[in-house]
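J.: Once you have looked at the hints, place chain B on chain A.
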Amino acid sequence: MSIFEYNGSALVAMVGKNCFAIASDRRLGVQLQTIATDFQRIFKIHNKLFLGLSGLGSDAQTLHQRLVFRHKLYQLREERDMKPETFASLVSAMLYEKRFGPYFCQPVIAGLGEDDKPFICTMDSIGAKELAKDFVVAGTASESLYGACESMFKADMDHEELFETISQALISSVDRDCLSGWGGHVYVVTPDEVTERILKGRMD
Amino acid sequence: MECVFGMVGKGFALVVADSSAVNSILVHKSNEDKIMVLDSHKLMGASGEAGDRAQFTEYVQKNVALYQYRNGIPLTTKAAANFMRGELATALRKNPYMVNIVLAGYDKETGPSLYFIDYIATLHKVDKAAFGYGSYFALSMMDRHYHPNMTVDEAVKLADQCIEEIRSRLVVAPQNFVIKIVDEDGAREHLWRRTTKD
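So the protein sequences, as listed, match chains A and B.
Per the working numbering, the first sequence starts with residue 1, numbered consecutively.
Per the working numbering, the second sequence starts with residue 205, numbered consecutively.
Looking at chain A on its own, in the form it has when it is part of the complex (with noise of 0.2 angstroms):
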């Protein structure tokens, strides 16, 4: 089993009208063993900018607590919050620079930019930037998460509708594998309010 399996992870971001969805999974595994079904994956760095980390559990918290820290002393130095484009770029760097040794976690960042304008973008391990303007997905169950996103995203959804597809394409994918799962953990975020909602799917 892969490092990037051991913990078990699920993670998507969708785009929307003025708004964006990120969801995970909430499953804690040790290999085939689940420790725990309430864990944290999804961090939010401001109120208009979020970070998913997949893959190793552990190197996903050390990872946000580094970002947070670097995040904090860049609101100090500028006295204003980061920009998604800004954030993924930190990020990047962040995991290149351990290129010969890397943070085994793929991370999702989501966010609104200027003009309140939606952000995506997933990378690897080491730093590689994917920007999409639909939907970006990471972890053990991504390849069914591209197919059940392929099939239901929609463009300029507004926020209820954006839930209920990002809703229905997590459970639909984490069902299929083993190793994620154990209910949802969406955010919806407008320019005005952000929504936290768990979801309750197969508890297995």
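Hints in this document: simulated from the structure, not taken from any laboratory.
All figures in this text were calculated on a predicted structure; none of them were measured in a lab.
Glycine included, C-beta positions come from ideal geometry on N, C-alpha and C.
It cannot be assumed that every hint is accurate.
[To be verified] Dumping the calculated DSBU-like pairs for lysine-lysine here, alpha-carbon to alpha-carbon at most 30 angstroms:
(1) A:Lys-98 - B:Lys-329
(2) A:Lys-200 - B:Lys-401
(3) A:Lys-44 - A:Lys-83
[What the hints assert, rightly or not] To spell it out: a stretch of chain A is covered by chain B in this simulated footprint if at least three of its residues, at any positions, have a beta carbon under 8 angstroms from a beta carbon of chain B; those stretches are:
(4) 29 to 36
(5) 55 to 66
[Said to hold, decoys possible] Residues of chain B clear of chain A, computed beta-carbon distances all greater than 12 angstroms:
(6) Met-205
(7) Gln-259
(8) Leu-292
(9) His-349
T.: Using the frame of chain A, we list chain B on its own:
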């Protein structure tokens, strides 16, 4: 074949560990204490490589004490858990500690808490945790019988059921177990479950 497990009850947290020190086929001793009392209100049950276990638990215990001397107040359980995770994460890519930890603590403001810390520094706050081959039996027993806000007697009864499963179903089961408890009165040894005397 080491096993450590723990659970949270009403106003207390329980940690159970086997007490065998084994080298290949030889049992050196069967009253080895693997649950270290970190400070007045914290218990750290550790399993894994014997040398790493002793070194790491002592290192954490002394650093927890140092923090208290320097700052005049003790660390919270969450802070101690994060300190341990940090040390494990830093060592992970140099000289990893092969130690799995169940940290139980009682804080006046937040009550009892239990933390699962893997040897690769995965940290998670949980209600029940288990490590080792015994975890396959202990976790399943706890999934079936655990409920929030158990009394001490109920929790000890559940721990006994887990120990019974481990004794009867694990091929090279440890002989003796120690049960330690932490509540608002502090961390202390609670019970022993012996099949052999040392």
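J.: It remains to establish, for every hint, whether it holds in the given structure.
T.: Status of each hint after checking the structure:
1. The hinted pair formed by Lys-98 of chain A and Lys-329 of chain B meets the criterion: a straight-line CA distance of about 29 angstroms does not exceed 30 angstroms.
2. Of the pairs offered as hints, the one joining Lys-200 of chain A and Lys-401 of chain B is violated, with about 49 angstroms between alpha carbons and a cut-off of 30 angstroms exceeded.
3. With a CA separation close to 13 angstroms, the supplied pair Lys-44 of chain A and Lys-83 of chain A stays within the 30 angstroms bound.
4. Chain B is given as covering the stretch 29 to 36 of chain A, and this holds because 4 residues of the stretch bring a CB closer than 8 angstroms to a CB of that chain, at least three being needed.
5. Counting residues of the stretch 55 to 66 of chain A whose CB lies closer than 8 angstroms to any CB of chain B gives 5, so the stated coverage by that chain holds, three being the minimum.
6. The Cβ of Met-205 of chain B sits about 16 angstroms from the closest Cβ of chain A, beyond the 12 angstroms cut-off, so the non-interface label holds.
7. Residue placement check: Gln-259 of chain B keeps its beta carbon more than 12 angstroms from all beta carbons of chain A (closest about 20 angstroms).
8. Not every CB of chain A is more than 12 angstroms from the CB of Leu-292 of chain B (nearest about 8 angstroms), against its label as outside the interface.
9. Its beta-carbon lying about 17 angstroms from the closest one in chain A, His-349 of chain B satisfies the requirement of being farther than 12 angstroms from that chain.
The structure fails to meet hints 2 and 8 from the earlier list, while all remaining hints are met.
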